[in-house]
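Top line first, the protein sequences correspond to chains V and R. Read in my numbering, the first sequence has 31 at position 31, and its numbers run on one by one without any break. Read in my numbering, the second sequence has 30 at position 30, and its numbers run on one by one without any break.
One thing to keep in mind: the hints can contain errors.
[Said to hold, decoys possible] Using 30 Å as the maximum straight-line C-alpha spacing, the simulated DSS-like pairs for lysine-lysine come out as follows:
| # | chain 1 | residue 1 | chain 2 | residue 2 |
| --- | --- | --- | --- | --- |
| 1 | R | Lys128 | V | Lys207 |
| 2 | R | Lys248 | V | Lys238 |
| 3 | V | Lys238 | R | Lys195 |
| 4 | R | Lys384 | R | Lys425 |
| 5 | V | Lys210 | R | Lys263 |
| 6 | V | Lys210 | R | Lys261 |
| 7 | R | Lys128 | V | Lys102 |
| 8 | R | Lys113 | V | Lys174 |
| 9 | R | Lys204 | V | Lys238 |
| 10 | V | Lys207 | R | Lys263 |
| 11 | V | Lys174 | V | Lys210 |
| 12 | R | Lys42 | R | Lys20 |
| 13 | R | Lys407 | R | Lys203 |
| 14 | R | Lys217 | V | Lys238 |
| 15 | V | Lys186 | R | Lys42 |
| 16 | R | Lys248 | V | Lys304 |
| 17 | R | Lys248 | V | Lys102 |
| 18 | V | Lys238 | R | Lys407 |
| 19 | V | Lys164 | R | Lys113 |
| 20 | R | Lys135 | R | Lys248 |
| 21 | V | Lys78 | R | Lys330 |
| 22 | R | Lys248 | V | Lys89 |
| 23 | V | Lys210 | R | Lys135 |
| 24 | R | Lys110 | V | Lys186 |
| 25 | R | Lys135 | V | Lys276 |
| 26 | V | Lys276 | V | Lys78 |
| 27 | R | Lys110 | V | Lys174 |
| 28 | R | Lys20 | V | Lys164 |
| 29 | R | Lys54 | R | Lys42 |
| 30 | R | Lys135 | V | Lys89 |
| 31 | V | Lys68 | R | Lys128 |
| 32 | R | Lys113 | R | Lys42 |
| 33 | R | Lys248 | V | Lys68 |
| 34 | R | Lys442 | R | Lys407 |
| 35 | R | Lys42 | V | Lys207 |
| 36 | R | Lys47 | R | Lys263 |
Hints are computed from structural coordinates only; laboratory data are not their basis.
For reference, the chains in residue letters:
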Amino acid sequence: MSDTQQNQPETNNPNPNPSVKPMQTKILYLFTRTPLHVGAGASVGAIDQPIIRERHTGFPVIPGSSIKGVLRDAMSRKEQQDADRVFGKQDAAGAIAIGEAKILAFPVRSAKGSFAFITCPLALERLRRAINNSGEQSSAVPNSGEQSFKVPSEPDDMTCLAGKAVTLERNNAKGVVLEEYKFNVKGDFPQNCEDYLLDLLEDAVWKVAKGRLVLLSNGDFAHFVRNACEVSQHVAIKPDTGTARPGALFNLEAVPAETLFFAPLTPLMRCNEEWKLLEALINNNPILQFGGDSTTGLGFCSVKLA
Amino acid sequence: MRAALKNPRIMEATMIPMSKDVRELIGPWAEQVDNRALLYEKYALPKVWGEPRKIDNAGRWNVLRIVTRGSALLSEDAQRLRSEANGPNVQPEVAEKKRTYARIAESMAKVGKFDTDLVQAWNENAQKFMDDLRKSYPERLVTFEATLQSRLMINMAGGVVENAGICLDRCFGLPFLPGSAVKGIARNQALWEIKRASGQEKKKLLDAALLLFGYAKPDLSRNGAFGWAAGADLGNTVTLTRGTNEFKGLACFLPAYPTTKPKLVVDLVNSHYPNYYKGRHPNASDNEEPRPNYFPAVESGCSFGFAVVLTRWFNGLPLSEEEILGHARKWIENALTKNGAGAKTAAGYGWFQVGRTAPTQAQPAAGMNKATPADAFIDQWRGKLNTKDNFPAALPAMNQLDDDGLKRAFEAVIPEQERRRLRRKNPYWQSFTSGRHAEAGKSILKRLNLQLT
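So here's chain R without its partners, still in its complex pose (with noise of 0.2 Å):
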């Protein structure tokens, strides 16, 4: 063991931990396994293992050997590491060490070939499924397809890789949003749309959210979900008047499934400051360095088929099956286009857009860089209206945007100072309320609900 342990072509071959009899047959590297899951969850190399050394490139040739391009990656890995361990004043440590990486690079660069014919059998079964599913259930199904216009991870934090899980279906190895997370997100939407309407507006979508997504009694506590969203206004549905305080949702939200082929990229986060972060140093200094971590992605592009079904219905709800649908769509549409799926959102992952279309931009955060009349706005006036500036000039173009835009727009561009005094003598507020400009004014204003005092 101790001799064989010296040598270190023996030592690399037994880095990737399995049983010998596993070993012969899908080689040391596992390059016959063809199911990305299989690779990634149980042929995964180990940073420590075997090697006395730590292997810091580990997590991301994990990642590299799943996704789409990771072969010919991992082969400019090698080469890389070999050309910089001959290269000139190269210490014969350092040298024999990126030799050694090398070999495991260009190892792990022979993966098992995909079935690209699992693709198509899968997405003719996605089809399929949502023609049976009319069948079954007639009127009482809505699909369709979105397609992602940034990158996309689900289930990052979970997996063998340390938070660089990714959602693949076991059998294909195939990404896909589960049932539980199209569900999810479509909840969250209507429980901000219901905290942000008012009036009759309010109980109309209270009513849709608690038949489509049920409710428990801690749900309709103070603190819970409904509580929060609805407030003193949850009494009153009509759903709830009729005395029930727990209920299964009516509508089944299915797993979304690649409707065209998908993508597996890979990509990364970069922590500028580790040790600051692990709080090591006081101040974040820009002489350390940087820790790049890798997980895997789905590719912008890809199309995915959405299916809400409702399996349960009941004469004499407030609502007709077609409105109580068309909510739920409208839910998953929001959700999807305006806060994505998944995670790291708030980094511009996760975005879509309604249909099979082409992707705007083949980048991540695409979904960042889409320009609305806000964004636009947004833009052209941030810093600019301060009491110095002419910057009522600014308002007629600013009560043009939605209520949404509006609001946005309202609290980056109007200086903080100002937003915090919200007085009628003031002469900024003047500005809103008097002058060539003022009807704009007062009506951004009312719109926003701000009274000056």
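Just chain V, with the same shape it has in the complex (with noise of 0.2 Å):
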């Protein structure tokens, strides 16, 4: 993980014609400001209604179709000619390729500092991946590699580099305590990369991440997204004897509010305007509503295109 510096971009450059000046991937960031259901179906576990996870790292995800079409019928909505030019319709491609939103800062509770936000190098590394397709780092522009941050090399399992804000200092040890968990904290969280994190985003709450940011390992980072989501019982009630209905319990695993993803938006080769149509649809809509259980209050997420 650590020489990942090294690696050099995808050489997938979209438009084979050098003359043009290729449009670049852009990154869609997602903060869920209320708990996200994004189902992954019915389960015979303990949890009847799961939320859609990556197969081999148990991370959660937002697929690129549920994203593609909450910004279709964001756009549809509006006019439905734009929505059919950007996102295609019967006999006539999309202009857009959506990707998978990819998670990058999930909130844990602390014992210090109330909660913190914790990250790890494969995400940090998605991340960096992701920005270098796009136009930001592009190797035409120069120093561009300072706009960007360095992922910093995975710390060992039960250790972490740690913000001030949630780290602990007493009988000489220091750690962080997620959960009931101790990490020990070997460093401090890389300031390049808590400064490049915060200034993705205005939320109120993204900003008090200062001094909240947690790089665990890979691992350990796993251990939390799978198993710290929200899971809230329901169940429905009789109107006529308010009481509850049999066999109508259920409980509901959600992505809690205050997680960030990220996705990448590319315009493929014969989008033109398009592009600008969806921009302006992000720009104009900084709240937009994806995953299940709208109805009571699910999954509205903060969106910026940057």
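Got two chains here, each in a separate frame; can you build the complex from them with the hints?
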């Protein structure tokens, strides 16, 4: 993980004609303002309604098709023709490729500072790779590397790099307590990485992340995103008796509010004016709703394209 | 290990279960933990653990540790126990037990400092969220504030401490109303209003509710929610004649976050007849020892921001967006002000007033003290409207009450045996239909749909 800086950006130039300046990938940031439930259907486990996760890491994701559907729906409410141009219709493919939203930072309860935003080298590396594909760090821009950040090497399991606001010092021990686990602090969360992440959003709660970022090993991060999601119990009430309806109890898993995701949006070769329509849509709609159970307020996310 | 168990101080230092490395960092009593939700759910003091005896006060102290003045209250408990232990005629083992408990209470009084800047950030966040929603859904959004007039409890049944749960935001440790709770009380209110309405009004309310809350096939059956509320009228609504028997609600009911600084307090239910309720005594006699159970509650005076968004819309619906949102707002408001939200609403908890207002009374059950004209009427006339007294004098005042009030007053002040025999020849009912106040009396009977036979 430590030598990732040497990895070359993937060279899938969207435009083979060098005289035309290629349009670059942009990153869509999604910050959950209420819990998010992108369901994975029913389950036979303890949780009746689990969320969709990446198979190999267990990280929660929002599929690209989900994001595309939400964006398309928002646009078609204003202008159906625009939506068809940007997102396609039968016999006319869309002009934009929408990637899966991957997790970047996840809120966990902390003994000190009330809560921490955890992240891991794998999540950061994925963000950096997506940025490298975007205009921001294109090789054509000199010194563009300074705008980005260096992915720190992976800490050992049960150790972390942590901000001051969540670090406890007592009896010569220095650590962070997340839920019921202790992590030894091996150093501060890297400054340039924190600066970069904090600049991504203007949200009041995200600004509180200053000093609350904690870098865990990929495995420890996976533990929390697998096991520290919200599980809420629901039951139906019979209106005539006011008592619970038998057999109607279920529990529902959701990604907690204040989780940060990112997804790459890439204009395809045939994309021209469509990109502006998409940018306008996202700029004019700072909140969009993703996933299920919208009627009970789930899935409202701040969105930003950068 | 045996030796350690004999030393009460060492034993006390491991009474809150956690691993050794965590204990070293946050202290044996989790005194460094400053997240209320975490403290309450992961670092609670068990009733039985390490100590051979059951710790009676564990439940109370767990609650005290997370409430706003908790540290001071725990210190007071410690002081009281200590002075009791030093009192005259105390058995040595009782005194020792009290001293141990005093030490535990004192240790638990050292709680982490809850960060007030975070409250500020969260209040600001709630505000910005509303502003952003307005940009994304202009004219499809209704927001308003409501202020608690009594204490509030939500998710009481959940949690680690039995029947003493509270809905706290995980990150901030602050109370809020989940969207499902807001939708639930609004829908319940709508169903009852539909049930009580008739004619065109009933159909209108039904249309609005079907569109707002959505429905699935079981809701439309005779015993389903809408089937129960609407009865035979259900088939005639505009919405259902469109031929679908499942529909997702147009409205999103968002969680209500506090817009002012919330205060948590300790509250209790005190079971006076524990053995009677357990079936050990045939009668509830007053010589049983009361058994207090403590739980946390949100103190009255805190304001919450409510929001409903229409994320879906179609042309050709029987109601306009404005009308639909108007119904949503009214149903939430009626539910909050007339039925309350959360647990124990029948005991006066969870009652609100619309707007950001000062609390009328900083006491539990304040919601019950709101004197409506109907309540005043009932207070004045309860037990007096028998055949002996000159009861027809009350009829004009009774007729002035609104429909809800009239119904309540009628049931409260007219003796039950008279209400069961609605005979024209009955002297009681004759005073309704003839005499000086006959006009008011007849009007009351008509408004209540009562026919004398």
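Each hint tested on the structure:
About 13 Å separates the Cα atoms of R/Lys128 and V/Lys207, which keeps this hinted pair within 30 Å; it holds. Between R/Lys248 and V/Lys238 the CA atoms are separated by roughly 19 Å; this keeps the pair inside 30 Å, and the hint holds. A threshold of 30 Å between alpha carbons decides the hint, and for V/Lys238 with R/Lys195 the separation of about 14 Å falls inside it, so the pair holds. This hinted pair checks out: R/Lys384 and R/Lys425 have alpha carbons roughly 21 Å apart, not beyond 30 Å.
For the hint linking V/Lys210 to R/Lys263, the alpha-carbon distance of about 26 Å falls within 30 Å, and the restraint holds. For the proposed pair V/Lys210 and R/Lys261, the alpha carbon gap of about 22 Å is at most 30 Å, so the pair holds. Proximity of R/Lys128 to V/Lys102 is assessed by CA-CA distance (about 25 Å); at most 30 Å being required, the pair is judged to hold. With a CA separation close to 19 Å, the supplied pair R/Lys113 and V/Lys174 stays within the 30 Å bound.
Restraint check: the Cα-Cα separation between R/Lys204 and V/Lys238 comes to about 23 Å, which is no more than 30 Å; the hinted pair holds. The suggested pairing of V/Lys207 with R/Lys263 holds, with an alpha-carbon distance near 25 Å, which does not exceed 30 Å. For a cut-off of 30 Å, the pair hint linking V/Lys174 to V/Lys210 stands: about 19 Å separates their Cα positions. The hinted pair formed by R/Lys42 and R/Lys20 meets the criterion: a straight-line CA distance of about 15 Å does not exceed 30 Å.
For the given pair, R/Lys407 sits about 23 Å from R/Lys203 by alpha-carbon distance, which is consistent with the 30 Å threshold. For the suggested pair R/Lys217 and V/Lys238, the alpha carbons sit about 15 Å apart, so the restraint of at most 30 Å is met. Restraint check: the Cα-Cα separation between V/Lys186 and R/Lys42 comes to about 25 Å, which is no more than 30 Å; the hinted pair holds. For the hint linking R/Lys248 to V/Lys304, the alpha-carbon distance of about 28 Å falls within 30 Å, and the restraint holds.
Restraint check: the Cα-Cα separation between R/Lys248 and V/Lys102 comes to about 28 Å, which is no more than 30 Å; the hinted pair holds. With a C-alpha separation of about 24 Å, the suggested pair V/Lys238 and R/Lys407 falls inside the 30 Å cut-off, and the hint holds. A threshold of 30 Å between alpha carbons decides the hint, and for V/Lys164 with R/Lys113 the separation of about 16 Å falls inside it, so the pair holds. Restraint check for R/Lys135 and R/Lys248: satisfied, since their Cα atoms lie roughly 24 Å apart, inside the 30 Å limit.
Among the hinted pairs, V/Lys78 with R/Lys330 is consistent with the structure: their alpha-carbon atoms are about 29 Å apart, no more than 30 Å. A distance of roughly 25 Å separates the Cα atoms of R/Lys248 and V/Lys89; the hinted pair therefore holds under the 30 Å criterion. In summary, the hint linking V/Lys210 to R/Lys135 is supported, as the alpha carbons are separated by about 27 Å, within the 30 Å threshold. Taking the CA atoms of R/Lys110 and V/Lys186, the gap is about 28 Å. The hint holds against a cut of 30 Å.
With a C-alpha separation of about 19 Å, the suggested pairing of R/Lys135 with V/Lys276 holds against the 30 Å cut-off. For the given pair, V/Lys276 sits about 15 Å from V/Lys78 by alpha-carbon distance, which is consistent with the 30 Å threshold. For the hint pairing R/Lys110 with V/Lys174, the CA-to-CA distance comes to about 20 Å; that is within 30 Å, so the pair holds. For the hint pairing R/Lys20 with V/Lys164, the CA-to-CA distance comes to about 23 Å; that is within 30 Å, so the pair holds.
A threshold of 30 Å between alpha carbons decides the hint, and for R/Lys54 with R/Lys42 the separation of about 20 Å falls inside it, so the pair holds. The hinted pair formed by R/Lys135 and V/Lys89 meets the criterion: a straight-line CA distance of about 28 Å does not exceed 30 Å. The hinted pair formed by V/Lys68 and R/Lys128 meets the criterion: a straight-line CA distance of about 26 Å does not exceed 30 Å. Under the criterion of a C-alpha separation no larger than 30 Å, the hint pairing R/Lys113 with R/Lys42 is consistent with the structure, at around 17 Å.
Between the alpha carbons of R/Lys248 and V/Lys68 the distance comes to roughly 20 Å, so the proposed pair stays at or under 30 Å and holds. About 15 Å separates the Cα atoms of R/Lys442 and R/Lys407, which keeps this hinted pair within 30 Å; it holds. Distance restraint check for R/Lys42 and V/Lys207: the Cα-Cα separation of roughly 27 Å lies within the 30 Å cut-off, and the hinted pair is therefore satisfied. The hinted pair formed by R/Lys47 and R/Lys263 meets the criterion: a straight-line CA distance of about 26 Å does not exceed 30 Å.
Checked against the numbered hints listed earlier, the structure breaks none of them; every hint is satisfied.
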